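Asker: Let the sequences and hints guide you as you build the complete structure.
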Amino acid sequence: MNALKVALYILVFPGFVFQSLYSTFLEWMDRKVYARMQNRRGPMYTGWAGMLQPVADIFKLLSKEDIVPAQADRRAFAFMPILSLAAVITAGLYIPVWHLRSFNSFEGDLIVVAYLLTIPSFSLFLAGWFSVSPYSLIGATRVLTQLFAYEVPFFLAILTPAVIAGSWQISKVAVFPWTATGHWWVLPVELIAFVVAILTLQAKLERVPFDIPEAETEVVGGPLTEYSGKKLALFRLEKDILMYVGSALVACVFLGGFGALPPGLERSEIGVLGVLLGGYAPGVAGVLLGAVHLAVKTAFVVFLLSMLRAACARIRIDQIVRFSWRYLAPWSVVQFLVVLLFKAKGAM
Amino acid sequence: MPKAGVLVPELFRNLRSRPVTRFYPFEKAEVPEGFRGTPRFKAENCIGCKVCMRDCPSDAIHIEVQTLPPTEPAVEGQPAPKPKKKMTMVLYLDRCVHCARCAEVCPKDAIALDKEFEVAAFSRDSLRLVQE
Amino acid sequence: MTVTDYETDLKVLFPGSEVRRTQARTFWIGIERDALLDAVKTLRDKLGIRHLTTIVGEDMRDHFLLSYIVSGSVVVVLQVKVDREKPEVPTLALVTPGAAVYERELHDLLGIVPVGHPDLRRQVLPEDWPAGVYPLRKDAVLPKPAAEAEGGKPNA
Amino acid sequence: MPETIHLPIGPQHPFLKEPAKFDFDIQGEEIVGARMQMGYNHRGIEKVCEDRNYFQCLFILERICGICSHSHTTAFVQAVEKLLELEVPKRGLYLRTLVCELERLHSHLLWLGVAAHEVGFDTLFMYVWRDRELIMEILEEISGNRVNYAINTIGGVRRDLTEAQRKKILASIQPLLDRTAYYAGIGTNEPSFVARIRGVGRMSKERAIEKCAVGPFGRASGVDMDIRRDDPYGAYPELEFKVITSDECDIYGRVLVRVYEIVESCKMVKQILENLPEGDIAVKKVMRRVPAGAAVSRYEAPRGEDVHYVRGNGTEKPERVKVRAPTMANLEAATESVVGAMVADIPIAIASIDPCFSCTDRTTVALKDRKRGRRLTTWAELRRYGIDWYRKNRRISF
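Residue numbers (the numbering used here), protein chains in the order written: chain A, 1 to 348; chain B, 1001 to 1132; chain C, 2001 to 2156; chain D, 3001 to 3398.
Rather than coming from a laboratory, the hints here were simulated on the basis of the structure. This structure is a prediction, so every number in the text was calculated from the model and none was measured. Wrong hints could be hidden among the right ones.
Derived DSS-like pairs: lysine-lysine, alpha-carbon spacing no greater than 27 Å straight-line [as the list claims (entries may be wrong)]:
id, chain 1, residue 1, chain 2, residue 2
1, D, K3082, B, K1108
2, D, K3168, B, K1115
3, B, K1042, D, K3284
4, B, K1050, D, K3047
5, D, K3168, C, K2081
6, C, K2086, D, K3242
7, D, K3167, B, K1028
8, C, K2086, C, K2046
9, C, K2138, D, K3317
10, D, K3047, C, K2081
11, C, K2011, D, K3168
12, D, K3168, B, K1028
13, A, K64, D, K3392
14, C, K2081, D, K3082
15, B, K1108, D, K3317
16, A, K32, B, K1028
17, A, K60, D, K3392
18, D, K3167, D, K3242
Answerer: In structure tokens:
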């Protein structure tokens, strides 16, 4: 019975099926918002207002001819999309979707998720490396260079709320502002870390202005230049799910949670803001509200990402390294110091 | 001096305004007066001077002049009636560049360009227009 | 300096050649092949006319005529006759690097060899174009496409 | 010393809107060597013109390029008019110049959009192209079609401008100026965009002169050259305008030059429409036979100096037509300016001259294995192979 439940968790909710569907919805939203900001219409015809377009795109790719370059390492070439997809789905299982505790939650899952989210970058690098084409090679080295640029600020940023909450568990970090020991105003304190997290998440997702590894006009498709058919479809699905997991992670740790409290924590008085931003409800209502709450938060983060995509030009690889180490990393450290100062004063 | 996010107000303005994209295959754009579309032939005006053939830059027009056999027998003593001529224009639309030179040089206005702009086809044969 | 001043100066600088003026500010000067480099340098140093607009190659049937269009405040067309049997000219690419592309084009289309050109690759013709066929020569026999397009107008 | 990799770009590549081939030697992200190869768009138009009469040539030459189609016909008809010694009526010249300037507006806006797209700034690209429709609609209104206007004829223009059209164009100039000012603000203020164009693709004034660079590319390096002022034609002697130059010598300068040229062009369009003389638009009777002789005609196309050289021989057909498009003069220089920059700068640096390979080339090429130096296949073989493959494997015949 228990095994069946776990299988359901992994395959259906909050696992593969839910993640695929919700992430394609997020992709649709991203495309629609991006298009409207550019005064275009975006996807129109598949489903209501083109809602099924991302699904259709993936099915189209699945039905396309699959070509493997003659010089590429066939097994590694085929393995990379599966590896990265598996990594992001696993990471997604730790996101507290309907509940403030995911079924496999444990003390330290924040670290696990953060590490699992670096695997797609590495597999993308290896995918480019095994393709053996100049464009893939350049793209692959760019993936790695960019990884070194954004990874440290990203970690520093998402660990800041954890330090405040004094826990490495996503659900506890999420619910901390509404517990008896926490306060809702820890959320504005984390503002710098939130901005850094959004920027680095954009870099992780390789979207404008940080779509350097896949810059179409420069290196065609970057590491994915030689990919086609099913393998490319898997990579695309991975990209979508990565967007969902990344945004959901940022939303959870920075924007507060909603749902049932994990054991060992007590609830504080919920004010107006608490009701708006998160809070607590028991039973089925808690489950539903929790899920809706997370969906809305995630969509908000994706909206910010779309806006960032629309407002900028792509920068160069040397510029992102400089930007990251000159601004993002120092500011995350400053945020850390601020938080430590608060903690030392006993304010939290 | 560079300022971050200069485009953001415009982004929000556009988010609220109506998109400018037209639903092309369903809503067609109006072409202006004097649009140069497909050359159309009026056989009754044509005198068979073939100036259009001479000046067509892409060699897309072919005018055939066919002399029809007289319908009435010639009457003794009177001048023979002028033989009637039948004009046919073969237009190779796959070659036509829509420059309207034919319409411009035609002395009798036997060629005029219509407003048809969706002239793509799957085979060249369907682009060979015989107009009488 | 007015256009007339240029005319006087050009007549002084090119005493052996006829300086013909047309179209308000264009001067046509016929010069010898070997005098070309000096002429370009003279124009550049004495009159400040240094922008090489283009080089036009023509097949005049008994000889080739190259027109070097050099411009500044006025346009000077230096016309050089080239022997059909020995189609060679000194290269300008070392004096005016911008001339390199035009000389490559001449070499492709007319078969005129700019002697001393640093990089004489093919410029416009395909790599499987037959050697020795120069399309802009009047006597060139051009390869016809092997197949006709189906349904199209028959080739005359 | 890192390993040098050979990076081929083209003939097909997302950043190339038309086929051309570039070979770069790169070490990591840095470019250490650059070569280019044109000819993928060579259509033999110069040869074709020898076999056509002057009016046919006119329309063939118009199809050299989709963006600067009016440039080529104007340069050509000017040369023929010189040979025929025709005096074009004032109104004809003004209308011709009007289309010239409208074409420059639409070309520069197009370029700004493409440049933004090359650095991934798609939002600016969409906005600019949306507002470019203003100009496209005006051109459509005047000439009938959007791309090849076919407005020129030997001895004048083919269509007159009605009073209603004149008013309509005048009304749409001000919104366009406002939008241009806004884009100038975005182009110089958005940090990510400025970071990509400032100091990139440098070309010194000396090198630009040596390489005979023309147009906005040369002017952005401080080469003060503009055919409209130096060798005036059309209605330009009677118009007031500034020649925009910049000493930035980089892509930033080229953006500035083009944006301010848009403003100048708007002013010129206004002047033309306000002072449009009455009268004929074309010479009534034009000789079909052009006397023997040669004429050079220079024209300031949106991309720079466009030159046509026409030699008549007393018949209806020209003896020789030579076209030198502005991209031809700039492309080598632009390729050179990339050396020392980074791979990411290639698209924007090449695009900064607004390359138009259709203009520059006027056939096809075999694939060649560079390492082993042997020919792999010709286009004809490749085409045959493709057809056979599909017939065999997909049962599709062509």
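Asker: Taking the earlier hints as the rules, which of them does this structure contradict?
Answerer: Violated hints: 1, 5, 6, 8 and 11; rest satisfied.
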